[in-house]
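Chain W is already provided as a structure; the job is to place chain B on it using the hints.
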Amino acid sequence: MRAFRDALIAVALAATATGAMAASGLAESLLAGMAKTPPVSTPFVLVSYRGVLDRPLVVSGNLRWLGGDRMERDIAKPFKETAKIADGTITVQRGSGEVQRTPLARAPQAGAMLAGFRALLGGDVSALQKDFALSAQGSGARWVITLAPRTDALKRQLTSLVIDGRDHEPRCLTMTDANGDSSITLVGAMAEQGLRSAAPLESALAARCRNSGQ
Amino acid sequence: MRDHARVAIWFAWLALIAAVGWGVASHLKISSDLRDFVPPARTADQKLLLDEIGKGPGSRLLLLAISGAPKAQLAGLSRGLDDALAHDPAFARVANGDNDLAEVASDLLPYRYLLSPTLDSHRLDAAYLHAQLQQRIEDLSSPAASMLEPWLRRDPTLETLKLARRWAPSHQPKLIDGVWFSERGEALLVAETRAAGFDPGAQGAAIASLQKHFAALPGAASAKLVISGPGWFGVQASRHTRAEADRFGAITTAGFILMLLLAYRSAVPIVVTALPLLSGAVVGFALLALIFGHAHGITVAFGFTLLGVAQEYPLRVFSHRRIGIETSQSVRELWPLLATAIVSVCIAYLAFFASGVAGLQQLAVFTIGGLVVAGLCTRWLLPLVVPPARRDMAATPGLARAWHFLAHLPRPRWLPWLVAVAGVAVVVFAPGKVWQNDLSALTPIPKAELQRDARLRAELGAPDVRYLLVMRAPTAEGVLGLSERIAPLMRRLVAEHAVDGFELPSRFLPSIATQTARQAKLPAAPQLQSALQQAMQGLPFRAGVFAPFVADVEAVRKLPPLTPGKFQQSPLGARLESMLVQQGEGWAGLGTLSGVNDPAAFAALSKETGGAVHLLDLKGSTESLIIAYRHRILIALGIAALLLCAAVTFALRSPRRALHVLGPMTLATLLVLVVLRACGIPLSLFHLVSLTLAAGLGLHYALFFERRTGDEREDLRTLHATLVCVASALLVFGVLALSSVPVLRAIGLTVALGVAFHFTLSVLMAPAEHLRWEA
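Chains W and B, in that order, are what the protein sequence lines are.
Using the numbering used here, the letters of the first sequence map in sequence onto residues 1 to 214.
Using the numbering used here, the letters of the second sequence map in sequence onto residues 1 to 775.
Pulled out of the complex, with its shape left as it was, chain W reads as follows:
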């Protein structure tokens, strides 16, 4: 009886593992299909939902992945800001003001975003898997990749990063912070289409990211 039970458990475990492998295999094949040669540039619209604010904050501009762990983000509206990530350091300059430097290690959200872009655009999954558990759903035409932090330090700051996409293009990156704040970054075609309202509801925007309609 006992041997039978153990065998059953073994089979169940094997099945689970295979399923997980299949899921992460999907993520990898999706990511491999999207790989591009840096530098890659895309317009973006960032909508932040913060606990301290009573309406979402919207900024837009251009994102550039320069290869490896180097990335730049220019905000054009509603103010001018240039942010660069390189050598593990975030450098931010707003207008012509003072340059602020922050170690990347202190801003896990920015680190997750960078890791996500590296994986999406460079197909570099290995770098991602060190800090995040990957899972994927859907098919090649419409898919969702979820990055869940592995380390306790990351988990204290970040709940998840969800990437929605269609075919070979990502559409939205949804970041959920441990404190409940969240932000949705529209990229590519979605960003070009822009927002339909000045202060979109989070649920409406999320639905739009997932929706196949447009």
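Since the hints were made in silico from the structure, they are not lab data.
Beta carbons are placed, not taken as given, at the ideal position from N, Cα and C, and that holds for glycine.
Check the hints yourself; a few may be wrong.
[What the hints assert, rightly or not] Distance windows between CB atoms, simulated:
hint	chain 1	residue 1	chain 2	residue 2	range
1	B	Ala131	W	Ser197	40 to 50 Å
2	B	Pro89	W	Glu169	50 to 60 Å
3	W	Gly68	B	Val226	45 to 55 Å
4	B	Pro117	W	His168	24 to 34 Å
5	B	Val226	W	Ser197	54 to 64 Å
6	W	Lys155	B	Arg184	54 to 64 Å
7	W	Glu169	B	Gln451	29 to 39 Å
8	W	Ala178	B	Arg184	33 to 43 Å
9	W	Glu202	B	Lys224	34 to 44 Å
10	B	Ser67	W	Ala178	31 to 41 Å
11	B	Tyr128	W	Glu202	31 to 41 Å
Positioned in the frame of chain W, the structure of chain B alone reads:
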């Protein structure tokens, strides 16, 4: 006496030495505190130097550079080392760029509006708050937004962050992976030891611990850790000096044993000669332990050098033994002369005891105690372990011929006077500086290491170790006020490139007056509330979100200002503690400087503050202390020389005989000075001590050659003894003179030259009628 009884006594003697030595070693504390070594400070700066030497903020810093691996690995090693050192009690502070100062500042969160200069130029009114909140909105879209958000409700003007930036080093290397990197791609760290910078013992322990931490890190094997800073240099210098001394020690020990075998054709001297000297040394240490409880390392080194004279006592005994006569009989015959030498030298060293300098008093206690015990051991213990002679040293082949040669050398009476006059002329008129005041010149740091230190120091913006800015006031509050007043003047000096950077105590803690002024500018809760409401108009902040901020401001309005005592309990306390010190009745503030390009420019600063602020040159102050110390030594030596003359004259009961002993000693010492001066070698303390040792040895040579025996064979034994003593001294110190370490070379050269001159002159100036017995 039977042989086995002798062996038993020998073992008992050795065991006694070992037992006393062990007991002393566990009780005597060898300190490296410079205060034990130098005379009491006279000027306020010397006093500050002695109180603070090596404790100063700059001199306790070790600069670390990790290289030889990919950057990501170097950054990991930097973090690992940072973490290990942060938990090591030997280190007060460590920084690698990764330290979250905001976290440190959070301890002082309630005081933020009193510590930050914001309120000096702004008020918490609607306009200022609106501008600040507008910026926060923009911050919330930044990639680093998550860092700011936790502070926002309590601290919308980000005062905590401003403080963290204010307290961060003014010049920071670039950050890679969140840690400091040099232009050459080395990961950089700064570690501050708790131990004083010039405490080689404690620094050695801290550095060993640091290296152990590093070696234990994963991936450390392929990377290279470079350490720099005053502590490291001190440890390196003493390690190098000790290694070289040990190497030469091994060579000379082998040579010495070989020489004893050749001279005495017996193994007995080898196992016995060291015992009186060792006995003297352990008793000397025991006296130091009993009387002082501790001794300075330099005192011990000098004392051991001076005690070297005692090495001669047993050698004299061995040379004077006769066939069929008990050793005790030979010793009894020699004793009056040996006792004269010992007592004279001890009386001379009493001068050191009267000098009033702890280090010199320790030296006197050690040397006098050691010499007396070595002498007593030679007189009463040595005969118990040495068997009667099987051969007479007078029969040594060639000895009679040597005596004949020496006895018939021409001895013009005018020659010593001519040599003396010429010698004095050379010593006085030779060009070049007479004294070496820079002790570090005796243990020089390799040029490559100095250049690397300068490079790392510049990259890290680490403070200069030579200069400190001293601010004096009757109270701590006065010092902090002074520090605030000179901050703009210092910024001007930076703009004029007189100095690259500075750090003043008021950077960490403003004076109570300033804090109170800032406090007075804080609005009451109702005003702040309405200003905030106005400021939030048109901005997307949720109503009431800043309630914690309003509560904090209200609380700080009633808070008593932060005092130095309270500040020192915070994690940043150690920084202020080293910059704000109580000194006697008053207080002194110590500002650190980096890259002092124009020390003269600080004169204006000193003038503008009525002398309350001035630049302290640590090198200059140390040198002034060394000069004061040498002055004391010279006076002590002068008195010692006079006492010696009196003692010898009294013992010999004849000024004429005394002149035959003291004349060669004086002239030989002068000749050593002539050689050193003619070679352009500036004299250091080590030269002076070496001259004293050589003079002690010379006293023996002169005393024995002056002795009127009337016995041909006894004179030959005297010559034998003297030749063995001279040869052994030349061997030990001549080899040391070849050292690459200047301090060892100074000792070796001086003693070797001294021994040669003392021997030659004591032969040439001995009364001729004593020597020519065949006539």
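field: In rising order, the numbers of the hints this structure does not comply with
entry: 1, 3, 4, 6, 7 and 9
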